[in-house]
Amino acid sequence: MFKSITAKAILPVALAVTGFVSVSCILLYVAIKQDMIQSAVQYETNLAQMVVKSTRQTMLKDDRQTLANIISNIGQTSGIEHVRIFNKKGIIMFSREGTEINRSVDTKASGCIECHTGDEPAHILGKMEQARRFINDRGQEILAITAPIYNEPDCFTAACHFHRPDQKILGTLDIGLDQAPLQQGLKALLNRMVMFGILLLLLTITGITALLKLNIFDPINRLSSYTGGLLAGEKDLPFPTIKGDLRQLARNIQQLTRATASSRGTLGPSSEHAPLGSPSIDKGEEV
Amino acid sequence: MPNSSPESTDDGHREDKQRRRLDIEKKIQLLQVKSLKGLIVLIFFILISIGAINEFRFLPSLPDGVRTYLGEAPSADLISIALLLYLVSALILTFMRIMTASGAHGGFAHLGYLVSFYAFYHFSGSLTDHFWAVFVTGITVIGLESYHIYLYCSEVIKEEEEDLNSLRNG
Numbered sequence: 327m328f329k330s331i332t333a334k335a336i337l338p339v340a341l342a343v344t345g346f347v348s349v350s351c352i353l354l355y356v357a358i359k360q361d362m363i364q365s366a367v368q369y370e371t372n373l374a375q376m377v378v379k380s381t382r383q384t385m386l387k388d389d390r391q392t393l394a395n396i397i398s399n400i401g402q403t404s405g406i407e408h409v410r411i412f413n414k415k416g417i418i419m420f421s422r423e424g425t426e427i428n429r430s431v432d433t434k435a436s437g438c439i440e441c442h443t444g445d446e447p448a449h450i451l452g453k454m455e456q457a458r459r460f461i462n463d464r465g466q467e468i469l470a471i472t473a474p475i476y477n478e479p480d481c482f483t484a485a486c487h488f489h490r491p492d493q494k495i496l497g498t499l500d501i502g503l504d505q506a507p508l509q510q511g512l513k514a515l516l517n518r519m520v521m522f523g524i525l526l527l528l529l530t531i532t533g534i535t536a537l538l539k540l541n542i543f544d545p546i547n548r549l550s551s552y553t554g555g556l557l558a559g560e561k562d563l564p565f566p567t568i569k570g571d572l573r574q575l576a577r578n579i580q581q582l583t584r585a586t587a588s589s590r591g592t593l594g595p596s597s598e599h600a601p602l603g604s605p606s607i608d609k610g611e612e613v
Numbered sequence: 331m332p333n334s335s336p337e338s339t340d341d342g343h344r345e346d347k348q349r350r351r352l353d354i355e356k357k358i359q360l361l362q363v364k365s366l367k368g369l370i371v372l373i374f375f376i377l378i379s380i381g382a383i384n385e386f387r388f389l390p391s392l393p394d395g396v397r398t399y400l401g402e403a404p405s406a407d408l409i410s411i412a413l414l415l416y417l418v419s420a421l422i423l424t425f426m427r428i429m430t431a432s433g434a435h436g437g438f439a440h441l442g443y444l445v446s447f448y449a450f451y452h453f454s455g456s457l458t459d460h461f462w463a464v465f466v467t468g469i470t471v472i473g474l475e476s477y478h479i480y481l482y483c484s485e486v487i488k489e490e491e492e493d494l495n496s497l498r499n500g
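Quick note, the sequences are listed as chains A and B, same order. First residue of the first sequence: 327, per this note's numbering; consecutive thereafter. First residue of the second sequence: 331, per this note's numbering; consecutive thereafter.
It is worth saying that the hints were derived from the structure and are not from the lab. There may be inaccurate statements among the hints.
Partner residues aside, some chain A positions facing chain B, computed with beta carbon under 7 Å [claimed, not checked]:
1) A342
2) G345
3) V347
4) L353
Simulated coverage check for chain B against chain A, where a stretch passes if three residues somewhere in it have a Cβ under 8 Å from a Cβ of chain A [stated by the list, open to error]:
5) 339-351
6) 390-404
The structure displayed is predicted, hence computed values, not measured ones. The beta carbon of each residue, even a glycine, is placed where N, CA and C say it ideally should be.
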């Protein structure tokens, strides 16, 4: 099966095209996935900054009730899995979930350890370091951002309360978004790429097979059957119709057959009707 | 000048034929082994891939000193470009070998390149995402090479067997 001329002509091409298209699609999918995740991180970082800036005035006024309401309302928004504000000791001061308030978190947990690796917590993190991805208790994939709330001059000079000027971070905002829409988008992209790949492969392999069959395999098979029949002693075989690049080969075989037959004086009746140099050969329409 | 007798000429001829027959049989055996070489490389590659899909957890982690000495891993995008270039070059090379009916093949060299790609992706921290790209590349390149070597060896074995038969009959 693997040694036939058809397999030899089609299998390597099919394998090479399949491999190349598959690898290209996988690399393209991974690159698009990374870009989409980076966009989601960028969007969420901006969202976290927006929340920090929106709640700034309430923090300056130490209006805890309004701040709690803002955090609760943001948390009710569709797609937001959690939103919390930690103080500098890592205790949750405001959260959508009332049960979380006044509870501390483990600094070794994902999302905390990025800053708390050394003796002193890091003050500045890149956007990708601020992000963490995890699966929550309900099995949803969550992308969370931890945004620091920095100490600014009007924080430590405010009339209501003040922080020490050397204190760099006053707390952190932690906001997590459900990644279901992103995952759905990636799944749709993957399905489309698989469909595109399969259609491309079908088209390529069908095209190559059809062209090879028309131009190479069928003429060779016809010539092979004809010469095989002659060798088996059949005299009245009609010469096969050959078109395309193999016409010259067919013409040579026909002339050799006639030369051999006439030298033996055994020219068949069908050949008598188609002598050498017949118009059909000269016009190149049919052999 | 002494003339060699017909009997000694016949013996020499018989010995020559016997030697040629043995040579051909040995060559056929070597070709049969060579035709399986592609399959052996493929099996090695699949075994290494099983390790790669598990992020090489069975191997001890690289000491910090060696990691520092090696420096930062290249970005996954650069490795992907190199992988695509490697795939195209390897396919062109194999098609050239098919075209020229050459018995040469990459074999274990391809295995080395593919393991390097696994290693680079592993150290850049993106092997999970790129595993299937390297795996499909390996299956394509090694598969095509194996098929080429199998066909090449089958053809040569067929020719050698025809020679052997003519020696036996003649």
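Evaluated hints:
1. A342: holds, 5 Å
2. G345: At about 3 Å, which falls below the 7 Å cut-off, the nearest Cβ of chain B leaves the hint on G345/A intact, so it holds.
3. V347: For V347/A, the interface hint is violated, since the closest Cβ of chain B sits about 10 Å away, which is over 7 Å.
4. L353: The hint holds - L353/A has a Cβ within 7 Å of chain B, the shortest such distance being about 5 Å.
5. 339-351: It is violated: at least three residues are needed, and the region 339-351 of chain B offers just 0 whose Cβ sits closer than 8 Å to chain A.
6. 390-404: violated (count 0)
Hints 3, 5 and 6 from the list above are not met by this structure, while the remaining hints are.
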